[in-house]
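Engineer: Read top to bottom, the protein sequences are chains A and B.
Counting in the working numbering, the first sequence runs without a single skipped number right up to 352 at its last residue.
Counting in the working numbering, the second sequence runs without a single skipped number right up to 405 at its last residue.
Check each hint, because a few of them may be wrong.
Computed footprint of chain A on chain B, listed as stretches where at least three residues anywhere in the stretch have a Cβ under 8 Å from a Cβ of chain A [said to hold, decoys possible]:
#1 140 to 147
#2 264 to 270
#3 275 to 282
#4 394 to 405
Sample of chain B residues facing chain A (criterion: CB under 10 Å; computed from the structure) [unchecked claim]:
#5 Glu119
#6 Glu223
#7 Val225
#8 Ile227
#9 Leu249
#10 Gly389
Quick caveat, the hints were computed from the structure, so don't treat them as lab data.
Glycine included, each C-beta is placed from N, C-alpha and C at the ideal position.
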Amino acid sequence: MPEAPAPSLLSRRFMNVFRRSLLSLLWKHPGVKTGVTLSPVIFWLGLFVVAPMLIVLYYSFLTRGPHGVLLPTPTLENYQDVFVVENLRTGELQPNWAYLNAFSRSLLLAFSTTAICLLLGYPVAYWIALYGGKYKNLWIGLFILPFWTSYLVRIFAWMFLLRDPSGFINQVLIQAGIIDENRPIQFLYNTTGVLIGMVYTYLPFAVIPLYAALERLDRSLLEAAFDLGAKPWQRLWRVTIPLTRGGILSGSVLVFVPSVGEYLIPNLMGGNNVNMIGNIVANKFLRDQDWAYGSALSIGLIVLVMILLWVYFKISRSEQVFERRI
Amino acid sequence: MKKTRSGRVVGTSSRLNRREFLKRAGATGLSLYLIGRLGSRVSTVFGQATDMPEDLLEAVAKEDRKLNVFNWSFYIAEDPVTQDEFGVDLTDVTPTIEKFQEEFGIEVTYDTFESQEEMLAKVRPGGSGYDVVVVTNYYVPQVVGLGLIQPLKREWLTNLGNLLPRFQGPPFGPNPDYVVPYMWGVTGYAYNQSIVGSDTRLGSWELLFKGQEYSGKMTMLESVLIDGINAALKLGRHSLNTTDREALLQAGDLLREQKPLLRAYISGPVREQLATEDVWVAQLWTGDTLAAQQENPAVQFIFPKEGSDVWVDTMSVLTESRRPATAHLWMNYILRARVHAGIATWVAFATPNGASLPLIPEDQRNSSIIYPSDEDLVNFELFELPAGEALELRQRIADDLLSG
Numbered sequence: 027m028p029e030a031p032a033p034s035l036l037s038r039r040f041m042n043v044f045r046r047s048l049l050s051l052l053w054k055h056p057g058v059k060t061g062v063t064l065s066p067v068i069f070w071l072g073l074f075v076v077a078p079m080l081i082v083l084y085y086s087f088l089t090r091g092p093h094g095v096l097l098p099t100p101t102l103e104n105y106q107d108v109f110v111v112e113n114l115r116t117g118e119l120q121p122n123w124a125y126l127n128a129f130s131r132s133l134l135l136a137f138s139t140t141a142i143c144l145l146l147g148y149p150v151a152y153w154i155a156l157y158g159g160k161y162k163n164l165w166i167g168l169f170i171l172p173f174w175t176s177y178l179v180r181i182f183a184w185m186f187l188l189r190d191p192s193g194f195i196n197q198v199l200i201q202a203g204i205i206d207e208n209r210p211i212q213f214l215y216n217t218t219g220v221l222i223g224m225v226y227t228y229l230p231f232a233v234i235p236l237y238a239a240l241e242r243l244d245r246s247l248l249e250a251a252f253d254l255g256a257k258p259w260q261r262l263w264r265v266t267i268p269l270t271r272g273g274i275l276s277g278s279v280l281v282f283v284p285s286v287g288e289y290l291i292p293n294l295m296g297g298n299n300v301n302m303i304g305n306i307v308a309n310k311f312l313r314d315q316d317w318a319y320g321s322a323l324s325i326g327l328i329v330l331v332m333i334l335l336w337v338y339f340k341i342s343r344s345e346q347v348f349e350r351r352i
Numbered sequence: 002m003k004k005t006r007s008g009r010v011v012g013t014s015s016r017l018n019r020r021e022f023l024k025r026a027g028a029t030g031l032s033l034y035l036i037g038r039l040g041s042r043v044s045t046v047f048g049q050a051t052d053m054p055e056d057l058l059e060a061v062a063k064e065d066r067k068l069n070v071f072n073w074s075f076y077i078a079e080d081p082v083t084q085d086e087f088g089v090d091l092t093d094v095t096p097t098i099e100k101f102q103e104e105f106g107i108e109v110t111y112d113t114f115e116s117q118e119e120m121l122a123k124v125r126p127g128g129s130g131y132d133v134v135v136v137t138n139y140y141v142p143q144v145v146g147l148g149l150i151q152p153l154k155r156e157w158l159t160n161l162g163n164l165l166p167r168f169q170g171p172p173f174g175p176n177p178d179y180v181v182p183y184m185w186g187v188t189g190y191a192y193n194q195s196i197v198g199s200d201t202r203l204g205s206w207e208l209l210f211k212g213q214e215y216s217g218k219m220t221m222l223e224s225v226l227i228d229g230i231n232a233a234l235k236l237g238r239h240s241l242n243t244t245d246r247e248a249l250l251q252a253g254d255l256l257r258e259q260k261p262l263l264r265a266y267i268s269g270p271v272r273e274q275l276a277t278e279d280v281w282v283a284q285l286w287t288g289d290t291l292a293a294q295q296e297n298p299a300v301q302f303i304f305p306k307e308g309s310d311v312w313v314d315t316m317s318v319l320t321e322s323r324r325p326a327t328a329h330l331w332m333n334y335i336l337r338a339r340v341h342a343g344i345a346t347w348v349a350f351a352t353p354n355g356a357s358l359p360l361i362p363e364d365q366r367n368s369s370i371i372y373p374s375d376e377d378l379v380n381f382e383l384f385e386l387p388a389g390e391a392l393e394l395r396q397r398i399a400d401d402l403l404s405g
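In isolation and in its complexed conformation, chain A is listed as follows:
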């Protein structure tokens, strides 16, 4: 085959210009630019968030067959069963108290956990950010350190501490004569136990964003407040807290969302006396092999959390809560 003639300088330049202009044209188009920049995120979310959710959504409309077999006939029964059941004796329809109670218990426990984590976490993060000095990173590192061991192991360690009467804390209190040997404090297998476990587990999720927000706090604003005669609590309430609102917001979301779906802690530290909605979902999937019903419950939980987050952001975005007093 004869050698092809070398492309002239002119045509090469034309090609380059053409290529560049096409690219820049594409690049300038806002949709393409956003698409290209976000494509890894879209891919990630699509594969690991949207696809699994769609599968759960699909399952939630399937009919339950014997032995937990899923039949492809679409039905709304799973959703109906979340809210309404027949009374076992009379056969009358009644609200499904088991699940409604578990839902409300989950919300209550998640709210309490979030509140306690913020109340405990804020002073800690404040102290580390403002007075931690050169050991700041060490202190924050200590908050992350427990994540190096298994969550399960840490829960078991807590159970060892809290048991009654043989647990470490009860033994110390008994030896010190603070409590009667025959009346140990029952920490485990009740709401207290579940709360201790959840606050312990999720505290770092509050401390870290709070620390990040407090770290960025411009000290000169505090000095200005001081110069203008603001008392310490006024500086905290009118300057520090409004300026670290972002940390408070993300901290509370990071604690609330996982704790509302928690199931291992009520199982182990609540001894199944304080079952949350997560336990019911787990029971439906694992114990009952009832994927359709479990999916409907999961979708219910997701919708509930989304509504709550929407309300939460709506309220906090309206700028009323923190900035009214400034």
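Starting from the known structure of chain A, arrange chain B on it as the hints suggest.
Structural biologist: Only chain B this time, still in chain A's reference frame:
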């Protein structure tokens, strides 16, 4: 191959193809020969294994000499069973997996689970890669119904005859077409002899359901669906396998009345708390009670006079297994008297293998907890999780009790 792809050699392709064909034929012949060699090697290795049928060994030789087993944790002889430690010398068959690998040259991957629910969660979606899976009798109808396990080739399981007759079928043998009994035990309750030893209700489920004075010191097993409802049914003198609505509702009422007396519904952690005397009475299995007893000799076991369930863990072959023959080889190996005795001795659970009994240590064989007498088991039954309405009712009762 590259040449035949090129356009220039189109004209001679048929000749090349023929050469290619000859080459391939040669390769096939060689591999057939190798498989044959391998096969003969297998049968010479298996020479001592007179208990394994010839066609089973041939089928095994055609598989890839690997096996994936999924079992409860701490449920196989993991160390040698020595005279010093156990009082019997079964070092020729323990550790179980190692000895199996040595004898048959099969590479075993052994994984463990902590609950049947965990096992089902891994196996049910498919593609778990396991060949042999241990299923507890309650779930046998469900895994069969879901098509997860395949019918056994009983002609390959020549050692089945070693099993005690009562485990080969009714009353205590779960579906013999699909599963092979592995270990068995009983659900009853553990109690602290020094605290509740003189109670007159001891021996009956009544202690655990009505023992007001032990309020907050008693626990039930985590699975209300199975163990909780079963105990309540037996207290009401019903069969575990009843599908009678009234009987089940009555059981639900008993459980609701009992709840304020209980500390928790827990399975795993209760063993430790019995030993430390945090818990005085606990619904429990024989094996766990024995472990607690080793730490605290005051812990004893009751076979409730109203009855309870005999549970049997069984070996099964997954439908999706690509190594059914190797799986049968494994099961038939376990069924050997010495092998089964080695496992039972190490795990301290009861073996259903009658031929193994003379080989296990005397203290275990004579333990009334591990091997209850026939009188102990008078009202005991094998429980199978029902399907349909009775199951839904059980689920409702459990959900209402724990979350209502």
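Engineer: Against each hint, give a clear statement of whether it holds in the structure.
Structural biologist: To see whether the hints hold, each was checked on the structure:
With a threshold of 8 Å between beta carbons, the proposed coverage of the stretch 140 to 147 of chain B by chain A holds, since 4 of its residues qualify and at least three are required. Given as covered by chain A, the stretch 264 to 270 of chain B passes the check, having 5 residues with a CB less than 8 Å from a CB of that chain where 3 are the minimum. Check result for the stretch 275 to 282 of chain B against chain A: holds, 3 residues qualifying (beta carbon to beta carbon below 8 Å, three or more required). Chain A is given as covering the stretch 394 to 405 of chain B, and this holds because 10 residues of the stretch bring a CB closer than 8 Å to a CB of that chain, at least three being needed.
Look at Glu119 (chain B): its Cβ gets to within about 7 Å of chain A, closer than 10 Å, so that hint holds up. Satisfaction of the interface hint for Glu223 (chain B) is found here, the shortest Cβ-Cβ separation to chain A being roughly 6 Å, below the 10 Å cut-off. Interface restraint check: Val225 (chain B) against chain A, minimum CB-CB distance 8 Å, threshold 10 Å, status holds. Given the 10 Å rule on beta carbons, the hint for Ile227 (chain B) holds: about 9 Å separates it from the nearest Cβ of chain A.
Among the interface hints, the one on Leu249 (chain B) holds; its C-beta lies about 9 Å from the nearest C-beta in chain A, closer than the 10 Å criterion. Hint on Gly389 (chain B) holds. Least Cβ distance to chain A is approximately 6 Å, under the 10 Å limit.
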